[in-house]
Amino acid sequence: MAIVRESNFPASLPQTDSDVRGQYKLNAQARLSGAATSDPACNPVSLSVPSFSRVTHISFEEHAPARRVAGVQVAEDDLDW
Amino acid sequence: MTEAAASAVVEKVEPWLSQGDVFTSVLIVRAGVAKGAPVAGVDKGPALLISHGCAIDKKTNSGKSKLEYLSFLPIQDVVALPSERAERLRASSGNVQPYEAMYLGSVPEVGEGYVTLTQPYTLPAVLLRTELREFTAEETGDAADHRIVATISDSRAGRLTDEALELFYRKWTSQWTRRDIVVDEPDRGEP
Numbered sequence: 001m002a003i004v005r006e007s008n009f010p011a012s013l014p015q016t017d018s019d020v021r022g023q024y025k026l027n028a029q030a031r032l033s034g035a036a037t038s039d040p041a042c043n044p045v046s047l048s049v050p051s052f053s054r055v056t057h058i059s060f061e062e063h064a065p066a067r068r069v070a071g072v073q074v075a076e077d078d079l080d081w
Numbered sequence: 001m002t003e004a005a006a007s008a009v010v011e012k013v014e015p016w017l018s019q020g021d022v023f024t025s026v027l028i029v030r031a032g033v034a035k036g037a038p039v040a041g042v043d044k045g046p047a048l049l050i051s052h053g054c055a056i057d058k059k060t061n062s063g064k065s066k067l068e069y070l071s072f073l074p075i076q077d078v079v080a081l082p083s084e085r086a087e088r089l090r091a092s093s094g095n096v097q098p099y100e101a102m103y104l105g106s107v108p109e110v111g112e113g114y115v116t117l118t119q120p121y122t123l124p125a126v127l128l129r130t131e132l133r134e135f136t137a138e139e140t141g142d143a144a145d146h147r148i149v150a151t152i153s154d155s156r157a158g159r160l161t162d163e164a165l166e167l168f169y170r171k172w173t174s175q176w177t178r179r180d181i182v183v184d185e186p187d188r189g190e191p
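If you read the sequences in order, they're chains A and B.
If you read the first sequence in our numbering, its first letter stands for residue 1, the second for the next number, and so on.
If you read the second sequence in our numbering, its first letter stands for residue 1, the second for the next number, and so on.
A portion of the hints provided could be inaccurate.
[As the list claims (entries may be wrong)] Just some of the chain A residues that point at chain B, by a computed CB distance under 8 Å:
id, residue
1, Tyr24
2, Leu47
3, Phe60
For the record, the hints were derived by calculation from the structure and aren't laboratory data.
For glycine and all other residues, C-beta sits at the position ideal for the given N, C-alpha and C.
Could you put the whole structure together from the sequences, leaning on the hints where they help?
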């Protein structure tokens, strides 16, 4: 079960008394994320769904294949900074 | 209905913390929006430890642990995905693409899972009350060594195989650099 707390962040996002506009916005964000529906599990900004059950959009259409390069194993990093 | 592929998490967990350890229940830090306002949340769920073993076991010159933080990826439910996407993810098992997601198969005590490489988060190591403990050469399979163990909240159920970790490295570099790095063998002896 998700434990969701109101944070101390300023409530700077657009709001309406009924929050209808806010819901439209959340639905639009869910659609843009590639989710099939806009229910809470698919909504990337909703914390109402347990982490394991969240639906995340995965891009299978990679138009920019990774460039294959040779590399070497790096030495252990002992530098204090 | 498609069966979940055999899990890449097939090795039993070691007594010490290792990259690729699967926790069945650990804190997951999340941010979102509720009623138009930003909210922060903590959740408990399965997650994959992604901190490198060298960073986990790093010590001071006097032999004290330097470990402050551990980084994780939340493990998510394949079955919750739309069926077409779930099928494509299962079919990608063992492939570098998609870069941003890695299919884990049926994870012990968790279910059929995957991780999204774009969602790392970090916890203070003190939450697991980590401490260095001495292990013999017989126990490590290498030299005798001091390694980090979790003394509380150790919910690990398995560990990625070496093969699965190699795939994770390729996905990680591809996702974040768009370079697929092939590491030269150290004993190749080429100029």
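Structure-based check of each hint:
no. : hint  : verdict
1   : Tyr24 : violated, 11 Å
2   : Leu47 : holds, 4 Å
3   : Phe60 : holds, 5 Å
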